[in-house]
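Produce the entire structure from the sequences given, and follow the hints as far as they go.
Residue numbers (my numbering), protein chains in the order written: chain S, 1 to 340; chain G, 341 to 680.
If a hint is listed, it holds; no wrong ones were tucked in.
In silico negatives: residues of chain G with every beta carbon more than 12 Å from chain S: (1) 356; (2) 388; (3) 390; (4) 402; (5) 404; (6) 424; (7) 545; (8) 624; (9) 654; (10) 662; (11) 667.
Below 30 Å or equal to it, Euclidean Cα-Cα: the simulated DSS-like pairs (lysine-lysine) are: (12) 601(G) with 261(S); (13) 278(S) with 601(G); (14) 422(G) with 196(S); (15) 190(S) with 421(G); (16) 95(S) with 530(G); (17) 274(S) with 614(G); (18) 274(S) with 593(G); (19) 536(G) with 126(S); (20) 645(G) with 190(S); (21) 274(S) with 603(G).
Derived by calculation from the structure, the hints in this document are not laboratory data.
Here the structure is a predicted model, which is why all the values come from computation and not from measurement.
Every residue, glycine too, gets a C-beta built ideally from N, C-alpha and C.
Number of protein chains: 2
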Amino acid sequence: MQTITKVALDAMGGDNAPGEIVKGAVNAVSSRSDIKVFLVGQEDVVKEELKKYQYPDGQIEVIHAPEIIEMAEPPVQAIRKKKQSSLVVGMNMVKQKEADAFVSAGSSGAILVGGQTIVGRIKGVKRPPLAPIIPTETGISLLIDCGANVDARPEHLLQFAKMGSIYMENVVGVKNPRVAIVNIGAEEEKGNALVKETFPLLRDCKDINFVGSIEAREIPHGGADVIVCEAFVGNVILKLYEGLSSTLVGVIKRGLMSTLKSKMGALLALPALKKTLKAFDASEYGGAPLLGLNGLVVKTHGSSKAQEVTNSIYQCVTFREQKINEIIQEKIIDSDEKEE
Amino acid sequence: MQTITKVALDAMGGDNAPGEIVKGAVNAVSSRSDIKVFLVGQEDVVKEELKKYQYPDGQIEVIHAPEIIEMAEPPVQAIRKKKQSSLVVGMNMVKQKEADAFVSAGSSGAILVGGQTIVGRIKGVKRPPLAPIIPTETGISLLIDCGANVDARPEHLLQFAKMGSIYMENVVGVKNPRVAIVNIGAEEEKGNALVKETFPLLRDCKDINFVGSIEAREIPHGGADVIVCEAFVGNVILKLYEGLSSTLVGVIKRGLMSTLKSKMGALLALPALKKTLKAFDASEYGGAPLLGLNGLVVKTHGSSKAQEVTNSIYQCVTFREQKINEIIQEKIIDSDEKEE
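Printed below as a string of structure tokens:
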């Protein structure tokens, strides 16, 4: 008998909700029969969208959630007050084991708070990290942590490294992933207090393939598969990646459009250029998992289109099939025992 | 009578030394009569280079320094042992007031250590920050601190903000520069402990035009003129800027060269493209000043060519003419007295 992965999908979160979200769900269940999607949101709105499509009966169910958490709302308050929001209803389904995973393109802050307070941590996990995939020259890397764990301690970073390594190997499929810690130089004696204290913990950890420090310059060149840092630095890396990429693409577009000659050149070059730039886009790998929870929570980009939503749903299937949480639990508890 | 700015220039530091360094010095003194350059390095090598050029008599003097500090040498040890290196000799000239400034494309670590230990800090300055200029969509910004001050405290960041603001206004010429602190969200309550403690100090400082937090995403868009952060984060931003820019330009080049049609397009588009990409290059603003010292130390890129060297020499002239250190001294002492 086929096992079904049940995904609660926030139909109301993100810039393109509900249209692209619903489309992403329809595409996912149309290609695979081992998925059930619960579309969580305002029933009438979601059902209206669904009318546009044909899809396998019984693989999509609408769960009514009348409230919406806005992007600007203070997360803690939003989670506490809006019990009938798609985000809270969807996360409660994961908590109650009615769904294996929850996927949302909504407010990052609310997803992080809800993940911790509603879904809850795996026993032994000190802090759940948010781990987006970033594009590199040679492929992709996992950046862990970009969540809300500011002022992290060395033991947190050690757990991030282990969880990131498990995810990269078993979900993304990178064999024996190279784990590195973000630093301001390659030598072990470099760095701030946090990095200096974390370095030996990573070096001595048997569960990961630690390759040492990575300078930020080497990240886009694909210098490591799992890039460990505390959330403030991770956030800076992630946001700068987005901002600088869009700035540079804009600068290049202006260059291509600046003279008649360059415009003619652009016409000829654009198809090939778009293709290589598309490869430098991590959205095909799904969203960012919030790791270490009793279930899976995935944060997709606010600007997600159907394709990223579909890929995030597939990501949940792989996560469950590969028993990621069971592996995390085992590794985390193992090392806690060793420490004692 | 014309006042002369005296610049000690490390003829041996950087990837293109001594050729491009000497050329940069010759170009500077050939265009302006108010500059004297001391070329510090191995006398025979430097004099051999100088033979290639005609330049105003008496505006260049060679100072013999037989030793060279290599890029890979541990900085503290190198500064202590190699008393006859161009770096130590040049910095001692600043200390002895024989030169107003020292410019080097050599080892960053050695420059930071030498600046502190040889040239020394202005009274009241707690830590001297390294402040490179980074390119943005709309112009340039000063990123302060990217030096060696890891685990900085709020009062350090306040001083960085003041010194950066003075530099940006008086050397770069940005009127009433907008000062922002790097953060993971725009709201005051966001951030790690350091940012939360620093925020009110910046907000209440009368000497700067503080505009609040800046997310890393907004940095390339030109969201602030003076971007304040501690050195670890600054280093990550600076290095990622370099790495991601070169990666993206590489990706785009590959795209342009991938098909016959795109190659033809590239031929037509490249001149215009090169022009806009050149605007996204901060080297025309000279090197990164190490601020708060008894004199000026400027770190230029390791890959500096003559043009950047020349601009860095001009930067030293403006720095002296605008009496930056006098202003810093006044502002720093002012606020120290207020604090007591």
